[in-house]
Amino acid sequence: MKSLKKGTAAVLLVALAAGIMLSTQMGMPTGEKLYVSAKALDDMKVLIDSEKESIRRTELQIEDAKKQIDDFEALSADDNTEELIASGKAELNYYRMASGRVPVKGDGVKIVIADSERDLFEGENVNDLLVHDIDVLMILNDLLTAGAEAVSINGHRVVDMSAITCSGYTIRINGIFTANPFVIRAIGDPGRLYGAMMAPGSNGLILKEFVRFECTVEEDIEIPAYTGPLSYKYMTITKEGETN
Amino acid sequence: MKKFGGLIMIGILALIIGLIISVQISTIQGSDQGGLVPSVKVKAYEQELQKLRAQNESQTQQLIELEDRLENMMNDKAAEDESLKQIYDEREKYKLAAGLVEVKGPGIVITLEDPEPEDKYSETYSSLMYNYELLLSLVNRLKDAGAEAISINGERIVSSTEISLAGDNVNINTRPTAPPYVVKAIGDPDTLEGTITIRFGIIEKMKSDPYNIRVDIARRDDVVIPRYSGTYNFRYAKPNEENAEGADASAED
Numbered sequence: 359m360k361s362l363k364k365g366t367a368a369v370l371l372v373a374l375a376a377g378i379m380l381s382t383q384m385g386m387p388t389g390e391k392l393y394v395s396a397k398a399l400d401d402m403k404v405l406i407d408s409e410k411e412s413i414r415r416t417e418l419q420i421e422d423a424k425k426q427i428d429d430f431e432a433l434s435a436d437d438n439t440e441e442l443i444a445s446g447k448a449e450l451n452y453y454r455m456a457s458g459r460v461p462v463k464g465d466g467v468k469i470v471i472a473d474s475e476r477d478l479f480e481g482e483n484v485n486d487l488l489v490h491d492i493d494v495l496m497i498l499n500d501l502l503t504a505g506a507e508a509v510s511i512n513g514h515r516v517v518d519m520s521a522i523t524c525s526g527y528t529i530r531i532n533g534i535f536t537a538n539p540f541v542i543r544a545i546g547d548p549g550r551l552y553g554a555m556m557a558p559g560s561n562g563l564i565l566k567e568f569v570r571f572e573c574t575v576e577e578d579i580e581i582p583a584y585t586g587p588l589s590y591k592y593m594t595i596t597k598e599g600e601t602n
Numbered sequence: 423m424k425k426f427g428g429l430i431m432i433g434i435l436a437l438i439i440g441l442i443i444s445v446q447i448s449t450i451q452g453s454d455q456g457g458l459v460p461s462v463k464v465k466a467y468e469q470e471l472q473k474l475r476a477q478n479e480s481q482t483q484q485l486i487e488l489e490d491r492l493e494n495m496m497n498d499k500a501a502e503d504e505s506l507k508q509i510y511d512e513r514e515k516y517k518l519a520a521g522l523v524e525v526k527g528p529g530i531v532i533t534l535e536d537p538e539p540e541d542k543y544s545e546t547y548s549s550l551m552y553n554y555e556l557l558l559s560l561v562n563r564l565k566d567a568g569a570e571a572i573s574i575n576g577e578r579i580v581s582s583t584e585i586s587l588a589g590d591n592v593n594i595n596t597r598p599t600a601p602p603y604v605v606k607a608i609g610d611p612d613t614l615e616g617t618i619t620i621r622f623g624i625i626e627k628m629k630s631d632p633y634n635i636r637v638d639i640a641r642r643d644d645v646v647i648p649r650y651s652g653t654y655n656f657r658y659a660k661p662n663e664e665n666a667e668g669a670d671a672s673a674e675d
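Line by line, the protein sequences are chains A and B. Those letters in the first sequence? Residues 359 to 602, by my numbering. Those letters in the second sequence? Residues 423 to 675, by my numbering.
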């Protein structure tokens, strides 16, 4: 009888000790609590992902720079000026291509967007049947998301600072006025580009309900070079290391 | 009966311990839903972010040093050879035009923030992200006002830049972004600000219902805009120069 009670007491003690230990262990990180919305937490995770992506890219660029230095050293060690000029020209061509200063050719899609020709329904707003800048911006944005490599609108190459404005009958692209309709040509994976335009729920299909919208896959699309100036009035190159 | 006394006792204790454990675990794990979150968890995120930012910074520094070295080497070589110098000078011009160089100049900095959440429902909803066409419009207006370089949250706007809603995120240059959005533009500050703040213009639209975005516009003398950190890929587009030599030459005049 007495030994049984002793046993119980011992078990009780051990279990109690274990319980206290466990709860202090697990209770540690909960000490202080903050009120944080799910969105704030999400945003923080996005920032972390974004930073990781940025690091990954910088790593690639570092690799690239190292390789360039090695190549350059090898070439200049031999004093091979011809080779240096050749590789310099190749690089120059890449940058010209990247800045949209080279006319290009390739497979892709052709899109025509025009104001609708049908009559207005009763009570319908006339604006519904007209093409607005934002419609074209969204289509252009969708094409770029689908990996378009070069885009022209009404024969004008779309580059980094190309604005598209639409007022009444005229459309202004790269500061040049052209007339309705919008003809957009994009070079890229034709399947992906076409899919981005015509997939269910896409901006293209939504647009099609109101205005004229056509998308066709075409081969050997030609897109001209951007012929704007290469000089800038306001921006200058930051000398390396000057920032922060 | 007394034989079972110990067993009952152990049973009760096990029950209590089980309860304690489960309560603790649920308070730790349930935190990702938002609401009351252990501050340690938030701090861990913040620390990770800080660590990554520092890493990013030091890498960028390393990259700048490498590129400096290459540039010096090139300049040394170019000093010896005139035709090489010409190529390198041209190369710099086009590199700048392709957005592959960090630039600075006068301009404006626009900060866009989601409206203060009013209730539990609206705090999970980002007016800015789900209406990313506002960003597209804003950028288009800035270009129209003659901006020479634009960036959003450190992503340079180049010819291939997309602003796309991918799931719950807005990707810019394929990099996920989150509000607040900081849009920087280099150009004539008066024109830039004037163009976006006209009556019924894009800023007024952003500020009004149903978006209620908080907007702050500041003019700066030295807006710094980073270079495009991605790469240009041309897998489908091939140079088509034969018939365009003339056009190209005229562009260089």
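One should not assume that every hint holds.
Stated by the list, open to error - Reference listing, derived: stretches of chain B covered by chain A, where coverage requires no fewer than 3 residues with Cβ under 8 Å from a Cβ of chain A:
{"#": "1", "stretch": "432 to 441"}
{"#": "2", "stretch": "462 to 474"}
{"#": "3", "stretch": "566 to 574"}
{"#": "4", "stretch": "613 to 625"}
{"#": "5", "stretch": "629 to 640"}
What the hints assert, rightly or not - Just a few of them, taken from the derived set where beta-carbon distance is under 8 Å, the chain B residues facing chain A:
{"#": "6", "residue": "E555"}
{"#": "7", "residue": "G589"}
{"#": "8", "residue": "N591"}
{"#": "9", "residue": "N655"}
Calculated directly from the structure, the hints in this document are not laboratory data. Note that CB positions come from ideal geometry on N, CA and C, so glycine has one too.
Structure-based check of each hint:
{"no.": "1", "hint": "432 to 441", "in the structure": "holds (count 5)"}
{"no.": "2", "hint": "462 to 474", "in the structure": "holds (count 8)"}
{"no.": "3", "hint": "566 to 574", "in the structure": "holds (count 5)"}
{"no.": "4", "hint": "613 to 625", "in the structure": "violated (count 0)"}
{"no.": "5", "hint": "629 to 640", "in the structure": "violated (count 0)"}
{"no.": "6", "hint": "E555", "in the structure": "6 Å, holds"}
{"no.": "7", "hint": "G589", "in the structure": "10 Å, violated"}
{"no.": "8", "hint": "N591", "in the structure": "6 Å, holds"}
{"no.": "9", "hint": "N655", "in the structure": "7 Å, holds"}
The structure fails to meet hints 4, 5, 7 from the earlier list, while all remaining hints are met.
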